[in-house]
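Trainee: Chains as they are written, first to last, in my numbering: chain Y, 1 to 383; chain U, 384 to 646.
If you are wondering where the hints come from, they were derived from the structure by calculation, not from laboratory data. Quick caveat, the model's predicted, so the values are computed rather than measured. Glycine is no exception: its CB is placed at the ideal position from the N, C-alpha and C atoms. Mixed in with the good hints there might be a few duds.
Straight line, CA to CA, 25 Å or less: simulated DMTMM-like cross-link-like pairs of lysine to aspartate or glutamate [unchecked claim]: (1) Y/K47 <-> U/E567; (2) Y/K47 <-> U/E564; (3) Y/K270 <-> U/E623; (4) Y/K25 <-> U/E567; (5) U/K532 <-> U/E518; (6) U/K583 <-> Y/D6; (7) Y/K8 <-> U/D464; (8) Y/K116 <-> U/E567; (9) Y/K8 <-> U/D578; (10) U/K583 <-> Y/E40.
From the structure, some residues in chain U lie toward chain Y, with a derived Cβ separation under 7 Å [to be verified]: (11) N566; (12) Y570; (13) F577.
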Amino acid sequence: MDFTLDKKHEMARTLFKEFAETEVKPLAQETDETEVFPRETVTKMQKAGFMGIPIPKEYGGQGCDPLTYVMCVEELSKVCGTTGVIVSAHTSLCCDPILTYGTEEQKQKFLVPLAKGEKLGAFALTEPGAGTDAQGAQTKAVEDGDEWVLNGTKCFITNGKEADIYIIFAVTDIIEGKRGPQKRFSAFIVEKGTPGFSFGTKEKKMGIRGSATYELIFEDCRIPKDNLLGTRGKGFGMAMHTLDGGRIGIAAQALGIGEGALQCAIDFVKERKQFGRPISAFQNTQFQLADMATRMQAAQFMVYRAAEAKATQKVYSVEAAEAKLFAAEAAMAVTTKAVQLHGGYGYTREYDVERMMRDAKITEIYEGTSEVQRMVISGALLK
Amino acid sequence: MKIVVCIKQVPDTAGGVQFNPDGTLNRAAMLTIMNPDDKAGLEAALRIKDADPDNVEVTALTMGLPKADDVLREAMAMGADKGVLITDRVLGGADTWATSSTIAAGLRNIDYDLIITGRQAIDGDTAQVGPQIAEHLGLPVISYAEDIKLEDGYVTVKRQYEDRYHMLKAKLPCLITALAELNEPRYMSPGGIFDAYDEKEVTVWGRNDLKDLDDANIGLAGSPTKIAKASDKVRKGAGETVNLDPKESVDYIMGKLLEKHVI
Numbered sequence: 001m002d003f004t005l006d007k008k009h010e011m012a013r014t015l016f017k018e019f020a021e022t023e024v025k026p027l028a029q030e031t032d033e034t035e036v037f038p039r040e041t042v043t044k045m046q047k048a049g050f051m052g053i054p055i056p057k058e059y060g061g062q063g064c065d066p067l068t069y070v071m072c073v074e075e076l077s078k079v080c081g082t083t084g085v086i087v088s089a090h091t092s093l094c095c096d097p098i099l100t101y102g103t104e105e106q107k108q109k110f111l112v113p114l115a116k117g118e119k120l121g122a123f124a125l126t127e128p129g130a131g132t133d134a135q136g137a138q139t140k141a142v143e144d145g146d147e148w149v150l151n152g153t154k155c156f157i158t159n160g161k162e163a164d165i166y167i168i169f170a171v172t173d174i175i176e177g178k179r180g181p182q183k184r185f186s187a188f189i190v191e192k193g194t195p196g197f198s199f200g201t202k203e204k205k206m207g208i209r210g211s212a213t214y215e216l217i218f219e220d221c222r223i224p225k226d227n228l229l230g231t232r233g234k235g236f237g238m239a240m241h242t243l244d245g246g247r248i249g250i251a252a253q254a255l256g257i258g259e260g261a262l263q264c265a266i267d268f269v270k271e272r273k274q275f276g277r278p279i280s281a282f283q284n285t286q287f288q289l290a291d292m293a294t295r296m297q298a299a300q301f302m303v304y305r306a307a308e309a310k311a312t313q314k315v316y317s318v319e320a321a322e323a324k325l326f327a328a329e330a331a332m333a334v335t336t337k338a339v340q341l342h343g344g345y346g347y348t349r350e351y352d353v354e355r356m357m358r359d360a361k362i363t364e365i366y367e368g369t370s371e372v373q374r375m376v377i378s379g380a381l382l383k
Numbered sequence: 384m385k386i387v388v389c390i391k392q393v394p395d396t397a398g399g400v401q402f403n404p405d406g407t408l409n410r411a412a413m414l415t416i417m418n419p420d421d422k423a424g425l426e427a428a429l430r431i432k433d434a435d436p437d438n439v440e441v442t443a444l445t446m447g448l449p450k451a452d453d454v455l456r457e458a459m460a461m462g463a464d465k466g467v468l469i470t471d472r473v474l475g476g477a478d479t480w481a482t483s484s485t486i487a488a489g490l491r492n493i494d495y496d497l498i499i500t501g502r503q504a505i506d507g508d509t510a511q512v513g514p515q516i517a518e519h520l521g522l523p524v525i526s527y528a529e530d531i532k533l534e535d536g537y538v539t540v541k542r543q544y545e546d547r548y549h550m551l552k553a554k555l556p557c558l559i560t561a562l563a564e565l566n567e568p569r570y571m572s573p574g575g576i577f578d579a580y581d582e583k584e585v586t587v588w589g590r591n592d593l594k595d596l597d598d599a600n601i602g603l604a605g606s607p608t609k610i611a612k613a614s615d616k617v618r619k620g621a622g623e624t625v626n627l628d629p630k631e632s633v634d635y636i637m638g639k640l641l642e643k644h645v646i
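Okay, chain Y solo, but in the shape it has when bound (with noise of 0.2 Å):
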C-alpha cells in the first residue's frame, strides 16, 4: 500500500494548481457576488483539457484516470467552489454515463464534442416531488413512431441552461410488481434548442452561486428514438451507478473546499495580532488547525481511495458514499472553524472563508444527502 503519488500525478496537481491560482481565484469572489456563470473560465478549461480528463482518447478526453479527475476538482475547489462542480456535473454526471451506457454512435456524436469541452454536459433526475425517493418522479416519455415524446419538470439541474447536452430519466414503462405497479425509468440524451424543451426560473442560491442552478421544461419535447440511452426501463439502475461516480467528484469539490479554507486560515492566523502576538502563537488557534488539518488529511485519503476503486472495481458505491459523506462534513466543520479563526472579518464578505463556508454546505445536499450516504453504507453493512 503506498500512500505517495507518482510524478504524473504530482505534475498534473501542479498544473491544476497553477490554473486554478492563475485563472480561477482572481475571479471566485466575483462570480459570487455577481452569480454570474463563469463562461470565460469554462473556455480556458476547455483549451486546457480539464473537460474530459477520465474519458478514453478517441473519445476525445484525455484518457487520464479517475485519481487525475479528481484531483483536478479538488485544485479547482480550493479557490472556487464553483468552478469545481461545473466541472464535476459536466464530468461525472453527463460524460460519463454516454461512455459506460452509449452505442458508439452516441459516443461518436454526444460524447467526443463533451469531452473537448466544446459542448457542455448536465444530468437531470430530481424533479419537485422527487428528491432522495427519485421512484416518485413524474417525467414521463411516450414512444411515438420513431420519436420519444417526453412531458414534465425536473429541478434543481446544475449547467442548466448553460449546458448543451442532458440526461434526462423519465418513466417509460409501469409494471406489476409484488407491491403493485412499480415506475421502470430510461435515460435519454437532450439537446438544448430541441422543441418543447425549455428553462424554468433559476434558483437563487446560499452557494456556489455562479453555477447555474434551474427548473427544466419538457411539454411535448420530441426526441429521436436513437436518443435512448443504454436499456430501456434500466434507467433507475443507470442512474444510481452515475451518482457512485458523481460522489467521488462531489466529495473532491468538498475536499478541496475545506483545503481552501484550511490555508486561508493558515495565512490569516499569522498576520492577525491580539494581545501582542499572532493570534497562531495561541493553543486555541494551533489545536484548532491541527484538528483542520488531520480531517482534511482523511478525507483526501478516502476520496482518493474511491477514485482508485472507481478505476479498478466494477462496484464502488460504498466508497463512494463514505468519502462523500466524510469529505462533505469535514468541509462543513473545517469552514466553520475557519471562520471562527477569522473571528468578525471571517463573517464578511472580504475573505473568502465566508463562501466557502456557504459553499461547502452544499456537499452535505446534493448527489445524495449525507443521510443517503448513510443509507448506502448502512444498506452494504447490513444486507
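Use these hints to put chain U onto chain Y, whose structure you have.
Mentor: Frame of chain Y, contents of chain U only:
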C-alpha cells in the same frame, strides 16, 4: 521539419536561492521551473507544429542534473515529441562557453532545421549560450525574437531592438533566441502529462555520447569564467509611503537625504 528547442531548468525565484561553496548555484536544493524565455521558445515551436502536426517534430533538449528530466517531461506534456537530457558529472559547473560547447556537441547528434533557445536564463542572465551554440555549429543566429514566421525554407523574425524592431530573414537551418514576450505559453494538458511519462521518451547522453568535443571545453575546468563571489540579492525594506502636498514632500525628502548624509 525538425525543431529543437533548448530549455533550461532554473530556480524558481519565488523559492529562494542557494549556493555551493564554489559560488555556483546549488541546483539540487532549489525548487525549479522552466526558464520563461525558453518556455516562450517552446511555445513558438509548438505553434509551428500545431499548424502542420504531421510534418513538424519538436525535440526539447536540456543539459543539467538528472532531475532536469522533470523539465523535459513538462515540455513533452505541453506537446514536444521527444526529450534529450545531457547529463554527466564531468559537465557540472559549466559556464556559458562550456555549456554552449557541450550543447552544440549534443545537437550534432540530432537532425534539425531550426533551433530555438530562450534569449537568456533568469539564473545567469548572460544571453550568451544561444548565440554561442550557433557559432559552434556555424549557423546564422537571430536573437531577441518577438515573432517568428516560416516559409519555403526561410524564417522571418521580428527582432526586438531598443526603440524599434528589425525584420530579419534567414535561410534554414538557423538558430533563434526567443523572448518571453513572444507569446503566452500554453498549459500542459492532463493527457499530455500522462503521455510524457507513459508514452514518450527522454534520451540521456553522457560525456561519451558527445562527439567533436574537447575535454578542455567542458565542465568547471573548461570554463573560462571564474566566479569570485555570489550572493542572494539583499532584500529591500518595505519602503515608506508619504502623502503630503508637493512642497511638503520635497521638504520631507530633502530632510531624509540630509539625515542619511546622502547630500
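Trainee: Run the distance test for Y/K47 versus U/E567: straight-line Cα separation, threshold 25 Å.
Mentor: The hint holds at about 13 Å.
Trainee: Under the criterion that the straight-line Cα-Cα distance not exceed 25 Å, is the pair Y/K47, U/E564 satisfied?
Mentor: holds (21 Å)
Trainee: Are the Cα atoms of Y/K8 and U/D464 separated by 25 Å or less?
Mentor: holds (17 Å)
Trainee: Does Y/D6 sit within 25 Å of U/K583, going by the straight-line distance between their CA atoms?
Mentor: holds (16 Å)
Trainee: Mind checking the CB of U/F577 against every CB in chain Y and telling me if the closest is under 7 Å?
Mentor: holds (5 Å)
Trainee: So, as I understand it, the hint says U/N566 touches chain Y; can you test that by seeing if any CB pair is closer than 7 Å?
Mentor: violated (14 Å)
Trainee: May I ask you to test the interface hint for U/Y570 with respect to chain Y, counting a Cβ-Cβ separation under 7 Å as satisfied?
Mentor: Since chain Y brings a Cβ to about 5 Å from U/Y570, closer than 7 Å, the hint holds.
Trainee: Does U/E623 lie within 25 Å of Y/K270 when you go C-alpha to C-alpha?
Mentor: Holds. Y/K270 to U/E623 sits at ~23 Å (cutoff 25 Å).
Trainee: Taking 25 Å as the top limit, are the C-alpha atoms of Y/K25 and U/E567 close enough?
Mentor: holds (19 Å)
Trainee: Compare the distance between the alpha carbons of U/K532 and U/E518 with 25 Å, and conclude whether the hinted pair is satisfied.
Mentor: holds (22 Å)
Trainee: Please work out if Y/K116 and U/E567 have their alpha carbons no farther apart than 25 Å.
Mentor: holds (22 Å)
Trainee: Mind checking the alpha carbons of U/K583 and Y/E40 for me, to see if they're no more than 25 Å apart?
Mentor: At roughly 32 Å apart (the allowed maximum being 25 Å), Y/E40 and U/K583 break the hint.
Checked against the numbered hints above, the structure breaks hints 10 and 11 and satisfies the rest.
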